Amino acid sequence: MKKINVVESVLKANDALANENRRRMDAAGVLAVNIMSAPGSGKTMLLEKTIPLLGPEQRCAVLVGDLQTTRDAERLGGCAAEITQINTGRGCHLSAPQVSAGLATLDLNDISFLFIENVGNMVCPAAHDLGEHLRAVLLSVPEGDDKVAKYPTLFQPADVILLTKVDLIGVVDFQFEKVYEDLSRINTRAPLIELSPKTGQGMDRWLAWLRQQRRGQTGS
Amino acid sequence: MHEMSIAADMMDQLLRIADEQHAVRIVEVEVICGEMQQVVPEALQLAFEAVTVDTPAAGATLKLSEERMVANCRSCGQRFEPAIDDFLCPHCSAADAELIAGQDIVLKSVVCEIEDEAAKT
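Residue numbers (our numbering), protein chains in the order written: chain A, 1 to 220; chain B, 1 to 121.
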């Protein structure tokens with residue numbers, strides 16, 4: 001018998017490709033935002049409203065991750081953006097190799113923002129670097145006000161947290177204070193933006209945040 | 001929940017190591033899971049058993065241990081050990097932790113039977 005000391009990250013292959021993805025996007029001047037949440041939090045709706053509001057000068061592309069179907073890509077087809085659907089089959093999250101394959105379908109030199117709509121899941125996507133620059137995490141009002149405390153590994157590394165479907169406040173029981181209180185122990189760095197893509201409430205803050213990040217990347 | 005993809009990535013590493021070492025059988029695999037990964041040991045064990053079927057690692061013992069998180073506070077620069085439900089810096093009370101340990105999954109060691117040994121027995 002022989003004991004071999006390895007000490008090698010199991011995520012090494014994923015992380016190496018994630019870094020390569022980031023380098024490719026840096027070289028092309030693309031800002032990549034990994035959008036994560038539970039299924040049904042409004043990731044696709046957010047993008048449907050965000051992309052037209054960013055204006056034609058900001059070229060957008062979307063990589064859409066789902067286990068099955070091209071429905072989200074079809075919904076986003078009306079936006080002025082390149083859309084690539086990635087079906088993960090049984091995979092509960094996107095991985096860096098899948099994003100690498102998705103990037104190969106896009107003309108990166110023609111893109112300002114790349115939105116990566118991850119598979120709807122509050123656990124697994126958080127553990128996998130895709131090569132994104134920023135992580136946006138959505139929490140919708142109907143999911144309940146206890147989710148930050150229940151899924152800290154998703155919210156802790158978030159760069160921005162979007163509290164979506166705020167137009168449903170009053171229809172469902174939801175206490176903002178609980179979310180703020182939980183975030184005060186988990187993540188005080190990320191701005192929390194209350195919004196409703198459906199009514200437009202709060203979208204100005206989200207767009208301003210995106211444009212600020214873009215200016216930070218391009219230095220302009 | 002992501003234990004199956006972790007096990008699949010481990011299997012790729014194990015097959016490469018088996019090939020490099022001319023191992024005919026892998027009998028023990030030691031893995032350290034960072035606390036932030038929230039790996040469920042029973043789920044990883046099941047996934048490991050599933051991906052090792054009909055491979056040199058079939059029947060191998062999987063030894064799992066957990067690594068605590070260590071973070072640097074981005075606000076004040078102090079190092080501290082957060083808990084999974086509490087990332088508050090004990091020095092400045094900001095929840096702005098940059099993890100420097102406890103977020104990876106590391107294949108620490110592999111015990112294997114190599115070709116020559118197998119020929120002797």
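Hints were generated in silico from the structure; no laboratory data involved. Hints are supplied without guarantee of correctness; some may be wrong.
Stated by the list, open to error - Here are the simulated DSS-like cross-link-like pairs (lysine-lysine), alpha carbons at most 25 Å apart as the crow flies:
{"id": "1", "chain 1": "A", "residue 1": "LYS49", "chain 2": "A", "residue 2": "LYS3"}
{"id": "2", "chain 1": "A", "residue 1": "LYS150", "chain 2": "A", "residue 2": "LYS49"}
{"id": "3", "chain 1": "B", "residue 1": "LYS108", "chain 2": "A", "residue 2": "LYS49"}
{"id": "4", "chain 1": "B", "residue 1": "LYS63", "chain 2": "B", "residue 2": "LYS108"}
{"id": "5", "chain 1": "A", "residue 1": "LYS198", "chain 2": "A", "residue 2": "LYS178"}
{"id": "6", "chain 1": "B", "residue 1": "LYS108", "chain 2": "A", "residue 2": "LYS2"}
{"id": "7", "chain 1": "A", "residue 1": "LYS12", "chain 2": "B", "residue 2": "LYS108"}
{"id": "8", "chain 1": "A", "residue 1": "LYS49", "chain 2": "B", "residue 2": "LYS63"}
{"id": "9", "chain 1": "A", "residue 1": "LYS2", "chain 2": "A", "residue 2": "LYS12"}
{"id": "10", "chain 1": "B", "residue 1": "LYS108", "chain 2": "A", "residue 2": "LYS198"}
{"id": "11", "chain 1": "A", "residue 1": "LYS150", "chain 2": "B", "residue 2": "LYS108"}
Small disclaimer: the values here were computed from a predicted structure and weren't measured.
Hints, one by one, checked against the model:
Taking the CA atoms of LYS49/A and LYS3/A, the gap is near 56 Å; set against the 25 Å cutoff, the hint is violated. Restraint check for LYS150/A and LYS49/A: the C-alpha separation of about 29 Å exceeds 25 Å, so the hint is violated. Between LYS108/B and LYS49/A the alpha-carbon distance is near 47 Å, which puts this suggested pair outside the 25 Å criterion. Of the supplied pair hints, the one linking LYS63/B and LYS108/B holds, its CA atoms being roughly 10 Å apart against a limit of 25 Å.
Of the supplied pair hints, the one linking LYS198/A and LYS178/A holds, its CA atoms being roughly 24 Å apart against a limit of 25 Å. A C-alpha spacing of about 14 Å is found between LYS108/B and LYS2/A, which places the hinted pair at or below 25 Å, so the restraint holds. Pair hint LYS12/A plus LYS108/B holds up; C-alpha atoms about 13 Å apart against a cutoff of 25 Å. Only pairs whose Cα atoms come within 25 Å are accepted, and LYS49/A paired with LYS63/B is rejected, the gap being roughly 48 Å.
This hinted pair checks out: LYS2/A and LYS12/A have alpha carbons roughly 24 Å apart, not beyond 25 Å. With a CA separation close to 49 Å, the supplied pair LYS108/B and LYS198/A exceeds the 25 Å bound. Taking the CA atoms of LYS150/A and LYS108/B, the gap is near 30 Å; set against the 25 Å cutoff, the hint is violated.
Going through the hint list in order, the structure does not satisfy hints 1, 2, 3, 8, 10 and 11.
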